[in-house]
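Put chain P on the given structure of chain H with help from the hints.
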Amino acid sequence: MSTIDLAKEKIAEAPKEMITLTGSQAVLEALIAEGVDTIFGYPGGAIMPIYDALYDYHDKLKHILVRHEQGGIHAAQGLARSSGRVGVVFATSGPGATNLVTGLADAMIDSTPLVAVTGQVFAHLLGTDAFQETDVINITSPVTKWNYQVTDATEIPAVLAKAFYIARTGRPGPVLIDITKNAQLQKFEYAGYQKCNHVRSYRPKPIVRKAFIEEAAALINAAEKPFVIFGQGVILGKAEKEFKTFIEKAGIPAAWTVLGLSALSTDHPLNVGMLGMHGNYGPNVLTNECDVLIAVGMRFDDRVTGRLDKYAKQAKLIHLDIDPSEIDKNVKATVGVWGDCKETLPLLTRLVDTKIHTQWLEKFREYDREENKEVVAEELYPSTDILTMGEVIRNLNELTNGDAIIVTDVGQHQMVACRYAKFNQSKSNITSGGLGTMGFGLPAAIGAKFGAPQRTVVAIIGDGGIQMTIQEFGTIMQSGVDIKIMILNNQFLGMVRQWQQLFNDKRYSFVDIASPDYVMVAKGYGISGQKVSERDKLKNALQTMLDHKGSYLLEVMVGKENNVFPMVPQGCSVSEVRLK
Amino acid sequence: MKKEFTITVYAENHIGLLVRIATIFSRRKINIESLNTSPSEAEGIHRFTIVIDETEEVVRKLARQIEKQVEVLKAYYNTNDEIVWQELALYKVPTDEIAEKVKVERLLREHGARAVVIRKDYTIFETSGHREETDKLVEVLAPYGLIEFVRSARVAIIKDSKGFHEKLKEFEQTEPVEELVENEFLDKQDEVFSM
Chain H
0 MSTIDLAKEK IAEAPKEMIT LTGSQAVLEA LIAEGVDTIF GYPGGAIMPI
50 YDALYDYHDK LKHILVRHEQ GGIHAAQGLA RSSGRVGVVF ATSGPGATNL
100 VTGLADAMID STPLVAVTGQ VFAHLLGTDA FQETDVINIT SPVTKWNYQV
150 TDATEIPAVL AKAFYIARTG RPGPVLIDIT KNAQLQKFEY AGYQKCNHVR
200 SYRPKPIVRK AFIEEAAALI NAAEKPFVIF GQGVILGKAE KEFKTFIEKA
250 GIPAAWTVLG LSALSTDHPL NVGMLGMHGN YGPNVLTNEC DVLIAVGMRF
300 DDRVTGRLDK YAKQAKLIHL DIDPSEIDKN VKATVGVWGD CKETLPLLTR
350 LVDTKIHTQW LEKFREYDRE ENKEVVAEEL YPSTDILTMG EVIRNLNELT
400 NGDAIIVTDV GQHQMVACRY AKFNQSKSNI TSGGLGTMGF GLPAAIGAKF
450 GAPQRTVVAI IGDGGIQMTI QEFGTIMQSG VDIKIMILNN QFLGMVRQWQ
500 QLFNDKRYSF VDIASPDYVM VAKGYGISGQ KVSERDKLKN ALQTMLDHKG
550 SYLLEVMVGK ENNVFPMVPQ GCSVSEVRLK
Chain P
32 MKKEFTITVY AENHIGLLVR IATIFSRRKI NIESLNTSPS EAEGIHRFTI
82 VIDETEEVVR KLARQIEKQV EVLKAYYNTN DEIVWQELAL YKVPTDEIAE
132 KVKVERLLRE HGARAVVIRK DYTIFETSGH REETDKLVEV LAPYGLIEFV
182 RSARVAIIKD SKGFHEKLKE FEQTEPVEEL VENEFLDKQD EVFSM
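Chains as they are written, first to last, in our numbering: chain H, 0 to 579; chain P, 32 to 226.
Among the hints, erroneous ones may be present.
Unchecked claim - Listed next, the in silico DSS-like pairs over lysine-lysine satisfying Cα-Cα at most 25 angstroms (straight line):
(1) P:LYS198 <-> H:LYS204
(2) P:LYS99 <-> H:LYS328
(3) H:LYS328 <-> P:LYS200
(4) H:LYS328 <-> P:LYS92
(5) H:LYS209 <-> P:LYS99
(6) H:LYS315 <-> H:LYS248
(7) H:LYS331 <-> P:LYS33
(8) P:LYS92 <-> H:LYS204
(9) H:LYS224 <-> H:LYS362
(10) H:LYS362 <-> H:LYS243
(11) H:LYS559 <-> H:LYS579
(12) P:LYS92 <-> H:LYS315
(13) H:LYS331 <-> P:LYS34
(14) H:LYS331 <-> P:LYS60
(15) H:LYS421 <-> H:LYS248
(16) H:LYS315 <-> H:LYS328
(17) H:LYS312 <-> P:LYS123
(18) P:LYS92 <-> H:LYS331
(19) P:LYS99 <-> H:LYS331
(20) H:LYS328 <-> P:LYS167
(21) P:LYS34 <-> H:LYS328
(22) H:LYS237 <-> P:LYS99
(23) H:LYS209 <-> H:LYS240
(24) H:LYS209 <-> P:LYS33
(25) H:LYS194 <-> P:LYS34
(26) P:LYS92 <-> H:LYS309
(27) H:LYS204 <-> P:LYS99
(28) P:LYS200 <-> H:LYS194
(29) H:LYS204 <-> P:LYS200
(30) P:LYS99 <-> H:LYS341
What the hints assert, rightly or not - Footprint (simulated), chain H over chain P, 3 or more residues, beta carbon under 8 angstroms:
(31) 35-47
(32) 97-107
(33) 174-182
Quick caveat, the hints were computed from the structure, so don't treat them as lab data.
All of these numbers come straight from a predicted model, not from anything done at the bench.
We put the beta carbon where it would ideally sit given N, CA and C, even for glycine.
In isolation and in its complexed conformation, chain H is listed as follows (with noise of 0.2 angstroms):
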């Protein structure tokens, strides 16, 4: 029998009183026993019977209705990690669903916790390519947590029930559920929702070993150069007090991945910043000089590691995670402590010493003041009039107290932004880090702002990547959303631009992107804004976007060909990482 069944029973012998409903009332009674309160999505003819019924939802449920679907999962997604909670989109079936397929691999690559629903055909229908008839279960395979098509209607609340479950715990990540038109449209007898909190074949929470622990604190205790690098698993686990605690007990030195950003306030004595491809310098060449590295909750992606043959070799590793396949991947733990950190990390720093690694931090600072001298100082405080990304950054904190949701696209401005971003608090910085979607930024900003409705939002783009889904200015304009949209637009696409001129001999093969006015296409969807390209302008002007009651877009005109430094070049181990 399996878990669905099984879940059926259940409901079946609950004493409920049977109400009517139909597929498509069971799908959004299910959103609401989920504590679901907006849902991002599109129509189309096979979603129809669901947009039907949420017509009478409309006091329960909040739809924003997008520009393209691919904004509508983006825009779930910027709730899901400014909120912590699964976002939902909906979309049609055929070109509806493939639309999202883009975003369902960036939230299954940075485990973001999603639940899709897509539309289909008459079940009668399925595979006879009829019209809008996409095979989306098996286009979505690879890149989700799990899914499932639902033909018959009595299926739908146990399948919803296992989707949030499964969406939302252990490592989360995206599922989709396509529901054929017919099961939408089919009257039951529901018994009422009931959440799942067990799938037979599925176990999210491992059990914690205790010798593997007493191990990992044996060797920690025995460290003169210890090393934390530590991942959005913090974030994703709700621990970071509990990290906080174990670094501050054992006086460790702590570096994150892009996508741990803002697990640990930026301030803190122990953060020595940002580890990868354009992460400090400190952190990149003393990966290879530590004795003891403790990774938690990442998973050593190459951006991260550089050359793996040559990525920590004399350390001993402590590789602390909720997905045992992580363990031993990519590099070899000596010990592996499978679980949630939520859990290892207090038992962990139960077990070791409180110490202090005063020269070992120190080491962290040298390598700082070496790399401020030769990239940072000129990069917030530059010398020249051009602007730079670094200094609109340094501005911006001054403004926002490191207090601001910063939401960024992929390329150099996303690497500026997460290197001189300040942040007090977790769940601020929303980027795409696995898969580097080009077009996150906007949609995912409007999400994060329904996903922290209290917070200021500002979403950092380059002028390629807010081109890609700009349409979602009308999703703006429709929904009153109050984002604040900069744009860092240095006339290329930067980050490709950068490496042809390292590597490719500048020969600049269609990095140079030409830009609408953007004030002038804003103005037409009613969004304020103004260009900024002079030094003294920038702060009033950054002053006068965080002000501003609504969203507004501020285009800051920077620098054309400056290059994001430090850099580990691809194919080069951590230790080589170039100031220049």
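Just chain P, lined up with the frame of chain H:
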């Protein structure tokens, strides 16, 4: 060093799981030598038997990726000396060749072939065994007008396995429980990684 591994997967019998498992291999450009799906000793649990030629390092990672699928309960991998396995083969041979040539009859006898169907025009034999054995019979029958040959996927039993019944009880509990190391080859750190 690459060698032959047999991966045994215990899973829910759900539509779509086969694709999910197959893409774990195809995504990494790894060819599946043989794949069999069947019921298992535990009721309602499906069993996949997959044969690939790879290094142990790669196979271990593949097994973990398979186990990560929501519908998969457990994935084991074993070398050939840890399992007992069989493949079934069918051979279609012209009946008159067998009737006329004593040698053919002897060959079939030597290879333990059994007639399944006998018609005037052809006879179908079956044998089961390891690949080399069924291959050998193809070779020896070829000169006598072998019309058709087909071989099934491998089915395998893990020598040390005590079956899946106990394990299933664990999975049916809502909380994870400690488990024994039931297949050390699967994962030398199984104690850490038990579900």
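Each hint, compared with the structure:
1. P:LYS198 <-> H:LYS204: The hint holds at about 17 angstroms.
2. P:LYS99 <-> H:LYS328: The hint holds at about 13 angstroms.
3. H:LYS328 <-> P:LYS200: violated, 30 angstroms
4. H:LYS328 <-> P:LYS92: Cα-Cα ~7 angstroms, so holds.
5. H:LYS209 <-> P:LYS99: Distance of about 23 angstroms is within 25 angstroms: holds.
6. H:LYS315 <-> H:LYS248: Roughly 20 angstroms between the alpha carbons, so the hint for H:LYS315 and H:LYS248 holds.
7. H:LYS331 <-> P:LYS33: holds, 20 angstroms
8. P:LYS92 <-> H:LYS204: This hinted pair holds, its Cα atoms lying about 20 angstroms apart.
9. H:LYS224 <-> H:LYS362: holds, 10 angstroms
10. H:LYS362 <-> H:LYS243: Given pair H:LYS362, H:LYS243 holds - Cα atoms ~21 angstroms apart, limit 25 angstroms.
11. H:LYS559 <-> H:LYS579: holds, 17 angstroms
12. P:LYS92 <-> H:LYS315: holds, 21 angstroms
13. H:LYS331 <-> P:LYS34: holds, 22 angstroms
14. H:LYS331 <-> P:LYS60: Holds, at about 23 angstroms.
15. H:LYS421 <-> H:LYS248: OK: H:LYS421 and H:LYS248 at ~24 angstroms, within 25 angstroms.
16. H:LYS315 <-> H:LYS328: holds, 16 angstroms
17. H:LYS312 <-> P:LYS123: Violated, because 59 angstroms separates the two Cα atoms, which is more than 25 angstroms.
18. P:LYS92 <-> H:LYS331: With a Cα-Cα distance of about 12 angstroms, the restraint between P:LYS92 and H:LYS331 holds, given a limit of 25 angstroms.
19. P:LYS99 <-> H:LYS331: Answer holds: P:LYS99 to H:LYS331 is near 19 angstroms, not above 25 angstroms.
20. H:LYS328 <-> P:LYS167: violated, 40 angstroms
21. P:LYS34 <-> H:LYS328: Roughly 20 angstroms between the alpha carbons, so the hint for P:LYS34 and H:LYS328 holds.
22. H:LYS237 <-> P:LYS99: It holds: about 22 angstroms lies between the C-alpha atoms, which stays within 25 angstroms.
23. H:LYS209 <-> H:LYS240: Status holds; Cα separation ~21 angstroms.
24. H:LYS209 <-> P:LYS33: violated, 35 angstroms
25. H:LYS194 <-> P:LYS34: Distance ~46 angstroms between H:LYS194 and P:LYS34 Cα, so the pair is violated.
26. P:LYS92 <-> H:LYS309: holds, 21 angstroms
27. H:LYS204 <-> P:LYS99: Holds, at about 12 angstroms.
28. P:LYS200 <-> H:LYS194: holds, 22 angstroms
29. H:LYS204 <-> P:LYS200: Roughly 17 angstroms between the alpha carbons, so the hint for H:LYS204 and P:LYS200 holds.
30. P:LYS99 <-> H:LYS341: holds, 21 angstroms
31. 35-47: Our answer is that it holds, as 6 residues pass the Cβ test (under 8 angstroms) against chain H, meeting three.
32. 97-107: holds (count 6)
33. 174-182: violated (count 0)
In the structure shown, a violation is registered for the earlier hints numbered 3, 17, 20, 24, 25, 33, in ascending order.
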